[in-house]
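Just need the whole structure built from these sequences, with the hints factored in.
Each residue of the sequence shown is one higher than the one before, starting from 1 at the first, in the working numbering.
These aren't lab readings, by the way, just hints derived from the structure by calculation.
Each residue gets a CB set at the ideal place from its N, CA and C atoms; glycine is no exception.
Hints may contain errors.
Pairwise CB distance ranges (calculated) [stated by the list, open to error]: (1) Gly106 / Gly323: 39 to 49 Å; (2) Gln656 / Ala431: 50 to 60 Å; (3) Gly323 / Gly167: 48 to 58 Å; (4) Asp229 / Lys490: 38 to 48 Å; (5) Gly106 / Val604: 28 to 38 Å; (6) Asp401 / Ala162: 47 to 57 Å; (7) Asp421 / Arg398: 11 to 21 Å; (8) Arg657 / Pro382: 49 to 59 Å; (9) Val604 / Val81: 30 to 40 Å; (10) Leu70 / Gln337: 31 to 41 Å.
Straight-line Cα separation of at most 20 Å, SDA-like style, residue types lysine to any residue; simulated pairs [claimed, not checked]: (11) Lys82 / Val97; (12) Lys490 / Asp339; (13) Lys490 / Ala539; (14) Lys327 / Asp584.
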Amino acid sequence: MPSTLTERPAPVTAATARAAAAPKRRTRVLALAEARWAGASLVLFLIALSLQLTGAPAGAWGPLYALTYLTGGWEPAWAGVKALKDKTLDVDLLMVVAAIGAASIGQVMDGALLIVIFATSGALEALATARTQDAVRGLLDLAPATATRLGDDGREETVDTAGLAVGDTLLIRPGERIGADGRVLAGASEVDQATITGEPLPVAKQTGDEVFAGTLNGTGALRVEVERDAADSVIARIVAMVEEASGTKAPTQLFIEKVEQRYSLGMVAATLAVFAIPLGFGADLTSSLLRAMTFMIVASPCAVVLATMPPLLSAIANAGRHGVLVKSAVVMERLGQVDTVALDKTGTLTEGTPRVTDIRPLAGSDLSEDALLALTAAAEHPSEHPLARAVVDAARTRGLDIPEVRDFDSAPGTGVTATVDGAAVAVGAPARLLDGATDAHSAEAAALAEELENDGRTTVLVAREGVPVGILGVADRLRPDAAATVTALKALTGTAPMLVTGDNPRAAARLAAEAGIGDVRAGLLPQDKVAAVREQESAGRRTLVVGDGVNDAPALAAAHTGIAMGRAGSDLALETADAVIVRDELATVPKVIALSRAARRLVVQNLVIAGVFITGLVVWDLVASLPLPLGVLGHEGSTVIVGLNGLRLLRDAAWQRAGAGAVR
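Pasting the structure below:
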């Protein structure tokens with residue numbers, strides 16, 4: 001047998017873990033043709049506008065406006081033409097026609113502005129799509145490209161993971177990512193499988209335990225038998241679920257898009273009628289064309305588009321200043337529609353970092369809490385295990401002196417041993433260190449460990465000279481604002497949030513009780529979280545999922561809306577989610593929902609204002625003879641009014657009102 005399994009491995013440090021992380025792929029903005037055309041259109045428009053406002057001759061700025069139309073308008077025009085082949089008519093084509101119509105009667109700048117707005121919108125949509133695809137492709141990089149396969153004679157061979165077959169035996173060295181889903185044949189280690197289950201602590205693995213591709217091995221070496229092909233691994237299934245959910249989720253459209261077909265067809269038909277009917281009754285061509293172009297200008301949906309966008313964009317900007325990145329206006333609209341919230345546990349409802357919660361010296365140990373903690377911290381100090389770091393941090397927080405140690409040793413899955421002040425100290429899992437012992441000290445330690453574990457703690461036994469002297473409880477700590485957030489979400493949606501987590505049921509139940517959550521679903525793999533979300537969606541609920549890990553990404557994609565915690569969130573979760581909480585302040589979730597609802601109310605107000613202006617101007621043009629300057633003034637005036645009304649949500653007072661509304 002290869003000697004690797006018996007060699008003492010080097011510790012896996014944070015730097016080692018970072019080095020093993022998947023490389024990032026990120027599409028550059030200018031790599032997208034849509035972004036390049038929109039950027040060129042914007043630059044040309046700004047130059048032309050500056051020349052026009054400074055009194056330059058038309059020969060200087062006219063060609064620049066023409067290039068603005070060409071660079072920004074050819075893609076929506078082409079898309080509109082292709083839509084016509086499918087017997088549909090969209091606002092993009094209508095905007096191009098309106099822009100050309102405006103230019104034909106001298107309103108060149110107005111038409112160019114329309115072109116720039118729509119080109120920029122298309123570029124942002126293309127960028128969002130590309131970045132999501134980047135993240136999905138990057139997830140595949142979590143599984144290493146190669147693995148070490150052991151032959152029947154024990155010889156090692158480096159092979160591509162894509163070519164692994166069920167039944168192959170792999171050697172997983174310390175610090176390596178596991179190359180395939182399988183089961184441990186030999187060895188012991190701790191495996192960080194947060195990418196799959198979301199568990200905050202590495203999980204001890206020994207013979208017979210299941211391991212997943214893409215998870216990070218700890219300090220021990222493992223021999224693993226492959227049980228699934230690469231295409232059937234949990235990581236591959238996560239990719240498939242994200243892509244499927246993203247592709248099948250029905251797009252929520254803004255209000256104006258929902259009436260796009262009827263409005264577009266009606267406006268085209270009306271414009272043609274305004275031109276043709278007077279002409280048929282003997283009117284001259286010039287006056288008929290002027291009336292029709294005036295009609296197209298005053299009836300164009302510029303005010304309606306601005307009635308919708310400024311409130312939503314202002315809300316996005318306001319939320320961004322307060323640490324919530326909302327990726328689009330559609331997302332801001334969707335946030336206000338949610339009526340059910342599903343919260344992940346580790347890194348979302350909790351801080352995601354294990355901390356010492358209980359210090360219990362055993363009777364007869366003659367140790368105080370501080371003495372027990374200092375003794376444990378001394379033994380754990382050389383270790384890189386997250387539990388060890390939690391113990392050492394707790395001792396430093398209390399200002400304790402940590403004694404020097406000798407003869408430190410670490411046994412993966414069991415614990416550590418060291419000599420502290422001349423005494424042999426062992427720290428590790430109670431079940432492993434007690435190993436069926438029945439003496440009074442061991443019985444007391446086992447009972448205390450069971451009590452703490454029933455409360456959802458991870459327990460650590462401390463033994464001195466072979467005699468148990470104390471138990472430490474370690475747990476992930478609830479965020480300070482978690483309970484208030486749960487209360488606010490329940491008030492906003494009318495339904496208490498549910499907890500969906502891959503962690504064990506006891507830990508999940510304890511945290512849920514502290515946060516005030518009654519519906520707890522624990523021990524879930526990524527596909528189980530998706531099933532929980534789809535169960536709510538099939539019941540007619542609009543579900544908001546809040547999570548942070550790769551294992552949350554499929555649920556984020558499948559949900560009506562997804563929000564990722566940004567500070568510790570995985571790349572895939574950040575790209576898949578519709579919004580990101582940059583500062584990890586959970587309390588901003590109900591605030592951004594309340595802000596979205598305020599934005600939607602302003603959208604309705606603005607649509608009423610825009611509708612009144614458009615109706616009045618159209619009636620004037622049809623019944624009387626609306627002068628073109630007055631038509632343009634009324635059209636632009638309505639646009640300014642609804643724009644300013646929407647900008648009210650930029651003020652900090654709007655965020656404060658949203659916060660007040662969320663806690664009612």
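Checked hints:
1. Gly106 / Gly323: 39 to 49 Å: Since the Cβ atoms of Gly106 and Gly323 sit about 47 Å apart, the hinted range of 39 to 49 Å holds.
2. Gln656 / Ala431: 50 to 60 Å: At roughly 52 Å between Cβ atoms, Ala431 and Gln656 fall inside 50 to 60 Å, so the hint holds.
3. Gly323 / Gly167: 48 to 58 Å: holds (50 Å)
4. Asp229 / Lys490: 38 to 48 Å: holds (44 Å)
5. Gly106 / Val604: 28 to 38 Å: Because 34 Å falls inside the window, the suggested range holds.
6. Asp401 / Ala162: 47 to 57 Å: Given about 53 Å between the Cβ atoms, the range holds.
7. Asp421 / Arg398: 11 to 21 Å: holds (19 Å)
8. Arg657 / Pro382: 49 to 59 Å: Since the Cβ atoms of Arg657 and Pro382 sit about 53 Å apart, the hinted range of 49 to 59 Å holds.
9. Val604 / Val81: 30 to 40 Å: holds (33 Å)
10. Leu70 / Gln337: 31 to 41 Å: Taking Cβ atoms as reference, Leu70 and Gln337 lie about 39 Å apart, which means the hint holds.
11. Lys82 / Val97: holds (15 Å)
12. Lys490 / Asp339: OK: Lys490 and Asp339 at ~9 Å, within 20 Å.
13. Lys490 / Ala539: holds (18 Å)
14. Lys327 / Asp584: holds (17 Å)
The structure fails none of the hints (numbered hints given earlier).
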